[in-house]
Amino acid sequence: MKTKTLEASAHKQVRVFGGLPMLITAVVIVALLVILPLTGVLSSNTQRYLLKIFLYCCLGSMWNLMSGYTGMTSLGQQSFIGIAGYSLAVMTFTYGASYWAGFAVGGVLGAALALGLSVLLFRMRGMYFAIATWVVAEALKTFFTSWTFVKQGAGMTIKAKPYPSTTEIYMIALVLCVVSLVVIYLLLRSKIGLGLTAMRDDADAASSVGVNIFQSKLLCFVICGFFTALAGGVFYLNKGSIYPSGGFGINWTVSIVFIVIIGGIGTMGGPILGAIIYTVLEEMLASYPGYSNIILGLIAILVILFLPDGILGTLQKKFHFEILSQKRFSKE
Amino acid sequence: MDTDTILSFEHVNAGYGRVQILNDLSFEMKRGEVYGVIGPNGCGKTTMFNALIGLIIPTKGKIAYDGHDVTKTNAAARCKLGIGRTYQVPRPFEGMSVFENVLVASVHGAGHSEKDGRRVALEALKLTELYEKREIRAGELTLLDRKRLEIARALGTEPKLLLLDEVAAGLTEAEVQDVMKMVANLKAAGYSIIWIEHVIQTMVESTDTLMCMSEGHNLLVGEPLEVMNSKLVEEVYLGVEEDE
Numbered sequence: 001m002k003t004k005t006l007e008a009s010a011h012k013q014v015r016v017f018g019g020l021p022m023l024i025t026a027v028v029i030v031a032l033l034v035i036l037p038l039t040g041v042l043s044s045n046t047q048r049y050l051l052k053i054f055l056y057c058c059l060g061s062m063w064n065l066m067s068g069y070t071g072m073t074s075l076g077q078q079s080f081i082g083i084a085g086y087s088l089a090v091m092t093f094t095y096g097a098s099y100w101a102g103f104a105v106g107g108v109l110g111a112a113l114a115l116g117l118s119v120l121l122f123r124m125r126g127m128y129f130a131i132a133t134w135v136v137a138e139a140l141k142t143f144f145t146s147w148t149f150v151k152q153g154a155g156m157t158i159k160a161k162p163y164p165s166t167t168e169i170y171m172i173a174l175v176l177c178v179v180s181l182v183v184i185y186l187l188l189r190s191k192i193g194l195g196l197t198a199m200r201d202d203a204d205a206a207s208s209v210g211v212n213i214f215q216s217k218l219l220c221f222v223i224c225g226f227f228t229a230l231a232g233g234v235f236y237l238n239k240g241s242i243y244p245s246g247g248f249g250i251n252w253t254v255s256i257v258f259i260v261i262i263g264g265i266g267t268m269g270g271p272i273l274g275a276i277i278y279t280v281l282e283e284m285l286a287s288y289p290g291y292s293n294i295i296l297g298l299i300a301i302l303v304i305l306f307l308p309d310g311i312l313g314t315l316q317k318k319f320h321f322e323i324l325s326q327k328r329f330s331k332e
Numbered sequence: 001m002d003t004d005t006i007l008s009f010e011h012v013n014a015g016y017g018r019v020q021i022l023n024d025l026s027f028e029m030k031r032g033e034v035y036g037v038i039g040p041n042g043c044g045k046t047t048m049f050n051a052l053i054g055l056i057i058p059t060k061g062k063i064a065y066d067g068h069d070v071t072k073t074n075a076a077a078r079c080k081l082g083i084g085r086t087y088q089v090p091r092p093f094e095g096m097s098v099f100e101n102v103l104v105a106s107v108h109g110a111g112h113s114e115k116d117g118r119r120v121a122l123e124a125l126k127l128t129e130l131y132e133k134r135e136i137r138a139g140e141l142t143l144l145d146r147k148r149l150e151i152a153r154a155l156g157t158e159p160k161l162l163l164l165d166e167v168a169a170g171l172t173e174a175e176v177q178d179v180m181k182m183v184a185n186l187k188a189a190g191y192s193i194i195w196i197e198h199v200i201q202t203m204v205e206s207t208d209t210l211m212c213m214s215e216g217h218n219l220l221v222g223e224p225l226e227v228m229n230s231k232l233v234e235e236v237y238l239g240v241e242e243d244e
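So the protein lines, in turn, are chains B and V. To convert, note that position 97 of the first sequence is 97 in UniProt numbering; the numbers rise steadily by one, no gaps. To convert, note that position 147 of the second sequence is 147 in UniProt numbering; the numbers rise steadily by one, no gaps.
Hints are supplied without guarantee of correctness; some may be wrong.
Stated by the list, open to error - Simulated restraints, written as ranges between beta carbons of each label pair: (1) Thr157/B - Leu55/V: 41 to 47 angstroms; (2) Ile131/B - Lys30/V: 28 to 34 angstroms; (3) Phe321/B - Glu173/V: 38 to 44 angstroms; (4) Phe321/B - Glu129/V: 26 to 32 angstroms; (5) Pro40/V - Gly126/B: 33 to 39 angstroms; (6) Phe321/B - Lys181/V: 32 to 38 angstroms; (7) Lys331/B - His198/V: 36 to 42 angstroms; (8) Ala188/V - Arg125/B: 41 to 47 angstroms.
Calculated from the structure, these hints are not laboratory results. Note that the coordinates shown come from a computational prediction; the quantities given were computed from them, not determined experimentally. Positions of the beta carbon are idealized from the N, C-alpha and C atoms, including for glycine.
Work out the full structure: start from the sequences and follow the hints.
Following this line, the structure appears as structure tokens:
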């Protein structure tokens with residue numbers, strides 16, 4: 001039975017939704033997302049949901065780039081988010097600078113943290129890498145809880161006058177989301193991306209045909225650190241305050257992993273779909289505080305059991321198509 | 001060194017840790033020939049491959065390849081010099097198409113731009129008769145086609161010397177014929193090929209020179225049929241068989 005399906009599918013080519021039609025669809029969607037809030041069609045509540053989707057989409061896509069392509073499964077994304085949140089708070093509250101300066105400092109520190117950690121973490125693989133990233137985040141949490149400059153465990157507020165409206169933060173989040181997706185898309189379409197896709201399937205074999213594993217990992221880690229930090233900064237601008245327990249909490253990574261696994265790891269569209277599903281579920285379950293995590297966990301288990309490639313990943317395999325594909329064809 | 005010689009081992013000792021496997025191994029391989037290697041299990045065939053691609057460094061002796069002394073050169077540099085290997089168990093990039101698999105090798109291994117890499121990749125696919133299947137996901141290939149892909153990917157790195165590690169193992173007789181045809185094509189295209197195999201038919205019919213290894217050294221080298229028929233080889237290879 002199984003061999004039969006294999007033979008039948010062996011002659012099916014993967015269809016790709018890409019090129020000009022994809023570009024036009026993307027431009028239309030982005031244009032709508034820009035115009036709708038300005039015309040007042042979207043309520044500020046809807047804007048808040050969408051804003052969350054944009055940020056989760058950025059966070060999920062970056063984690064997917066690392067775990068889905070280079071095999072570096074990080075459980076410490078909250079390090080970048082917390083650092084960025086505190087950069088924003090310190091720049092706006094302590095130094096009275098604009099939140100743009102806060103974002104810039106956060107992004108640079110995020111990238112620098114990734115660069116610094118790579119020396120330490122790239123000696124580890126798989127589970128050891130995952131645990132080490134988590135340990136770093138926990139260490140940062142402990143450090144920030146006792147650091148008087150950032151008011152220890154009491155947390156900090158983000159100051160801006162005038163404080164940006166939801167629509168303004170929405171626009172920043174939208175731009176960040178689009179830029180990060182474009183960066184990932186261009187990276188995967190590049191020569192390095194070809195090697196990354198090979199690494200996704202078999203890193204040792206990739207290395208034996210000349211793919212530079214270390215260089216690829218480093219690039220992905222730094223890009224991931226930078227954009228994850230920016231998304232963290234925008235999130236905390238929306239939230240208004242930050243505490244060490246929240247900023248460096250493992251919950252961040254739990255959400256991100258859920259988003260990517262549900263949507264489809266190692267695909268570009270997966271984290272986008274995952275971010276939408278997660279945000280909708282989170283809002284729906286908000287009225288059942290005790291049960292929400294149990295239900296999310298149950299959903300994750302069911303998806304892993306029955307759709308191991310995630311929702312989009314399974315659909316793509318079954319129906320032989322790819323969205324936002326980095327596929328190369330022999331004829332162009 | 002003779003310029004007609006692409007590869008030579010001179011009194012090489014090598015092994016893993018304290019276990020010495022290769023024991024004073026010497027042989028020479030001519031440019032453009034198919035050089036077969038046989039020998040009973042544990043005689044050091046795969047260890048010889050590992051020493052050749054740079055996974056292990058000999059403790060004694062010299063390995064010369066294409067005019068370079070590569071005895072202590074690392075694996076990545078040897079790949080760049082044009083030593084291409086295949087894995088005994090194929091390891092395709094399963095989520096990528098057949099074409100993309102080879103493109104990775106020609107872009108990253110041979111250092112081409114993606115545009116030039118396409119040409120090299122398509123050429124390799126034609127030589128290995130995978131051209132018609134180039135857009136299929138590599139994970140959906142049969143064993144024979146996976147072995148072809150393994151070779152195509154090695155060709156993508158533009159080697160001069162191609163190492164085949166038991167590519168005929170596990171295939172049906174008809175498939176073995178296909179592999180032999182492919183090796184003949186590769187030879188005609190100018191590649192030098194060193195081939196380890198247990199399937200005797202391939203060694204007799206496809207190789208120009210045959211070496212039989214035993215206990216880490218070179219027992220006998222010569223015309224394939226002569227080597228196969230020699231008493232010496234029979235003793236080490238089939239020594240365990242008793243007359244009835």
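Hints versus structure:
no.	hint	result
1	Thr157/B - Leu55/V: 41 to 47 angstroms	violated, 58 angstroms
2	Ile131/B - Lys30/V: 28 to 34 angstroms	violated, 53 angstroms
3	Phe321/B - Glu173/V: 38 to 44 angstroms	holds, 39 angstroms
4	Phe321/B - Glu129/V: 26 to 32 angstroms	holds, 28 angstroms
5	Pro40/V - Gly126/B: 33 to 39 angstroms	holds, 37 angstroms
6	Phe321/B - Lys181/V: 32 to 38 angstroms	holds, 36 angstroms
7	Lys331/B - His198/V: 36 to 42 angstroms	holds, 40 angstroms
8	Ala188/V - Arg125/B: 41 to 47 angstroms	holds, 43 angstroms
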